[in-house]
Amino acid sequence: MKNILIVDDEVNTALLLSKFLTRNGFEVSTASNGSSAMEQLKNGAYDLVLCDFRLEDTDGREMLKSIKSQYPKTGVIIITGYSDIKMAVELIKMGAYDYITKPLYPDEILNTINKAIETHHALVTEPQEELAAVSSTKSSKEKQVMAGDFVVGKSKASKELLRQIELVAPTTYSVIILGESGTGKESVAKSIHLNSPRRDQPFIAMDCGSLTKELAQSEFFGHEKGSFTGALYTKIGHFEMANGGTLFLDEVGNLSYDIQAALLRTVQERKVKRIGSTKEIDLDVRIIVATNENLMDGIQKGKFREDLYHRFNEFTIYMPPLRERGGDIMLMAEHFLKIANKELGRDVQYFSPDVEESFVNYRWTGNIRELKNVIRRATLLTEGDTVQAKALPLEISNYTKIAPLVEHSHSHHGSESSSAPAKEHTHNRSDLKNAALEAEYDTILKVLREVNFNKTRAAEILNIDRKTLYNKMKAINLGK
Amino acid sequence: MADDGEKIDPALGSLKHDIRNQLSNITLCVEQLKFELPDQTEDIAFYIETIAAGCKKINELLKSTD
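Chains as they are written, first to last, in the numbering used here: chain A, 184 to 663; chain B, 425 to 490.
If you're looking for bench data, these hints aren't it; they were derived computationally from the structure.
We treat Cβ as the ideally placed atom computed from N, Cα and C, and that holds for glycine.
Please note: incorrect hints may appear among the correct ones.
Stated by the list, open to error - Calculated pairs, DSBU-like style, for lysine-lysine (alpha carbon to alpha carbon, straight line, at most 30 Å):
hint: 1; chain 1: A; residue 1: LYS202; chain 2: B; residue 2: LYS480
hint: 2; chain 1: A; residue 1: LYS655; chain 2: B; residue 2: LYS440
hint: 3; chain 1: A; residue 1: LYS521; chain 2: A; residue 2: LYS276
hint: 4; chain 1: A; residue 1: LYS256; chain 2: B; residue 2: LYS487
hint: 5; chain 1: A; residue 1: LYS573; chain 2: A; residue 2: LYS484
hint: 6; chain 1: B; residue 1: LYS440; chain 2: A; residue 2: LYS202
hint: 7; chain 1: A; residue 1: LYS202; chain 2: B; residue 2: LYS481
hint: 8; chain 1: B; residue 1: LYS440; chain 2: A; residue 2: LYS185
hint: 9; chain 1: A; residue 1: LYS573; chain 2: A; residue 2: LYS462
hint: 10; chain 1: A; residue 1: LYS276; chain 2: B; residue 2: LYS481
hint: 11; chain 1: B; residue 1: LYS458; chain 2: A; residue 2: LYS248
Stated by the list, open to error - Where chain B lies over chain A, by a calculated footprint (3+ residues, C-beta under 8 Å):
hint: 12; stretch: 201 to 214
hint: 13; stretch: 282 to 292
As the list claims (entries may be wrong) - If you want the ones that stay clear, here's a sample from chain B, every Cβ over 10 Å from chain A, calculated:
hint: 14; residue: ASP433
hint: 15; residue: PRO434
hint: 16; residue: ALA435
hint: 17; residue: LEU436
hint: 18; residue: LEU447
hint: 19; residue: THR451
hint: 20; residue: LEU452
hint: 21; residue: GLU455
hint: 22; residue: LEU461
hint: 23; residue: PRO462
hint: 24; residue: GLN464
hint: 25; residue: GLU466
hint: 26; residue: ILE472
hint: 27; residue: GLY478
hint: 28; residue: LYS481
hint: 29; residue: LEU485
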């Protein structure tokens, strides 16, 4: 029996909702203001709170904050007469499961409540990606393209990205989002969803990278209670949860071949069956997938099915890596600085010129996620109002010196570049020591490129330890 | 959506909001009535349907001013 607390200052509305929900199998209590609601929450365990945005002593936002901080397991749905998308997105970001506008329709209420409770139970073990908002949201016809906290950039690459999102969102096309790790693929998927006719339906995100073979079937398709050892309850799979809405599959290249086959069947037949059940459920799901590897390579190597690829690839969006986004880098840095300041209660306002230079030249292999973490750390370490180079990780503050060494033959789309950059940097000495240094430099550079400048992996491949690699890289600098 | 109504005429926006609140209650009542009256006479069924249709129409009218 699921427990719901209704918080509404209009007595009739609260009573009507209560009777309606009781009739539909829920255990319902009501409260007419914020403080009595919090009292009730203290005295009982509730699965869900249905809270009106306007209350006599507080508002939906404050209630949401209080409930989420004290009772994280309790879902919150906000009811209001306003259709304000900025508010909706903010509430969802703050942890509301959803947002229903008046007038209230019985099926809509039930649907949303059921989905809230199911999603909460099913997803309670999956850590959600920090970068994007959770679940579904209501939107108005107002043009708000980007979801959550995605900073809308000004660079050419960003404008093109926005244009592509606006183009594909209203269609039913499946989309592949191709981009390096940390470029905001989930945010883009969420934005597509919010700009599509499915915006009022669920948006379900799945991280395929963390799925084991055993769990994958269950996560996608669900299972019936008792269908295998350990199946203690009926689980609703992600396809079902996303029914009517959008399903986002992150790191789809990581799926095993068998699961790919099952996915293909599901997507083609538009029907899903839970494990252990014979009942076929009709599906109406819009699919968006993301990958940070070129799926075509995977196909050639036999790791990814070509037919599945073509199913997904009705439209491809390329996420530009952060380093190609020019002026956006500082724009985002400032945005993350504001957020970090708020979180830590600091007031760091500026970046020193050499920090700016480092940021603009650094490779940002972790892209936006890396930038966010660097800013957070720097904010913590900065005492004054300006971030100095010493608050940055060594690999970034050093980058201004390495940059000319490494970037000059780097072609724009990160593909394999020419092989012998060292020639420019030799002093025409032909002694043995110099020849050795050159060879070392070339090898190190080649390996670094192959692993996307991940020094830990580079060190592994080169069979030296990380510290040695660091020192060698520094030594290369000094030799110039 | 509702914003446009409010921008053009705040009184209109406010009115719409209040109407939606009342519509909400009426819609829920209709739903409950259907449940409470399983053996509806033809007349009762007609009255209930008319109320429901009326609500739907009112909502459409509201939406048309968005």
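List, from low to high, the hint numbers that the structure doesn't satisfy.
Checked against the structure, the hints that fail are numbers 2, 4, 5, 8, 9, 10, 11, 18, 19, 20 and 21, while the rest are satisfied.
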